[in-house]
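**Student:** Sequence:
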Amino acid sequence: MAAAGLVALALLLQTDSTVPFASPETRALVVRAQARHVAMEREVAAYTARYRFRGSVGGGGRAWQQMLNVWTTELDGTVRWQAPNDVQVRVDGRRTTNRFGVDPGLSVSRPWFVPRALGDSVRVFFVDYPARAAVHPLAAGAEAWYRYALVDSLVVTVPGSAARRLLLVEVTPRRSAPSLVAGRLWLDAGSADVARFAFRFVGTALREGMSGRDDREATEVGRFARFFQSLDVDLEYQLQEGRLWMPYRQVLVGLLRFTQLGDGYGNFTATTTFSDYEITDGTAPPPRAAVAAAPADAPPPPAAEG
15 MAAAGLVALA LLLQTDSTVP FASPETRALV VRAQARHVAM EREVAAYTAR YRFRGSVGGG
75 GRAWQQMLNV WTTELDGTVR WQAPNDVQVR VDGRRTTNRF GVDPGLSVSR PWFVPRALGD
135 SVRVFFVDYP ARAAVHPLAA GAEAWYRYAL VDSLVVTVPG SAARRLLLVE VTPRRSAPSL
195 VAGRLWLDAG SADVARFAFR FVGTALREGM SGRDDREATE VGRFARFFQS LDVDLEYQLQ
255 EGRLWMPYRQ VLVGLLRFTQ LGDGYGNFTA TTTFSDYEIT DGTAPPPRAA VAAAPADAPP
315 PPAAEG
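The sequence shown runs 15 to 320 under the working numbering.
Because the hints were derived from the structure by calculation, they are not lab data. Warning: the hint list may mix true and false statements.
[To be verified] For each label pair, taking beta carbons as the anchor points, the in silico distance ranges come out as:
1. Leu168 - Gly256: 18 to 28 angstroms
2. Glu39 - Asn112: 46 to 56 angstroms
3. Arg108 - Val172: 11 to 21 angstroms
4. Arg109 - Ala49: 16 to 26 angstroms
5. Gly204 - Asp90: 10 to 20 angstroms
6. Gly204 - Pro38: 11 to 21 angstroms
7. Leu168 - Arg257: 17 to 27 angstroms
8. Thr32 - Ser289: 42 to 52 angstroms
9. Ala203 - Gly296: 41 to 51 angstroms
10. Leu168 - Ala49: 21 to 31 angstroms
11. Gly107 - Val45: 37 to 47 angstroms
12. Pro38 - Val169: 39 to 49 angstroms
For each residue, glycine too, the CB sits at the ideal point set by N, CA and C.
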């Protein structure tokens with residue numbers, strides 16, 4: 015996952031970034047995917063799923079040495095998403111372990127994940143990172159910010175469905191901006207829907223507003239996110255009802271730097287898996303919410319930004 019981000023950044027230096035599409039075939043595919051991106055949001059009015067979340071913190075003296083796991087927390091519960099971008103989370107169980115009694119000062123009360131309907135921006139739910147939501151590569155007009163290259167394909171076996179061909183598209187920024195992504199999109203050749211999206215957040219303002227000393231209104235995870243030097247995200251989807259690619263497994267890996275601890279480094283890894291989907295079709299009215307809303311002091315979901 016981290017390697018995918020580095021490869022994408024390397025490709026940015028090696029390719030002509032003055033044109034958005036590496037080939038006519040790439041352009042045709044991305045245009046289809048952009049249309050599907052909009053249609054998918056209209057097709058799903060709401061969904062409910064079980065989730066399992068595991069977050070851990072590792073510590074080390076240098077950025078590239080092996081990190082020693084010092085803290086782990088696990089959450090289990092239910093998530094409900096409803097259009098346009100209403101996310102409700104219920105936590106049914108929680109457990110935490112500290113190795114050697116080390117406490118990183120992080121209180122994870124909600125899972126870290128990216129909802130299925132991303133809109134025109136990308137941001138991790140319940141985490142104040144990036145400070146500005148990144149432009150989604152499939153947003154309308156995103157070709158003004160990104161370069162796309164169709165580089166590979168593979169065939170995958172999908173339980174309960176015919177084999178699917180996935181097309182790999184490298185996505186790299188064309189120019190500097192406050193918040194973008196660099197990585198890879200795996201697109202279903204038949205529907206042009208996203209089956210996997212692995213990327214690194216890049217930009218000039220990823221931690222904007224996070225370095226101030228007055229953080230009385232900041233959440234605990236928001237203060238923790240200030241220490242991210244980089245954040246890599248891998249979103250895997252699973253075919254539901256034979257037609258909808260829904261969240262299945264999401265992994266976030268962040269490199270941390272704690273200057274107040276002698277310029278030490280650490281990492282944070284968050285893994286969230288989803289199962290037991292109940293999906294409401296976009297043509298039917300959504301049912302009443304079956305999941306309790308987040309508490310009043312929980313951070314609201316970010317508004318879409320482009």
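**Student:** Flag every earlier hint the structure violates by its number, smallest first.
**Tutor:** 3, 4, 5, 9, 12
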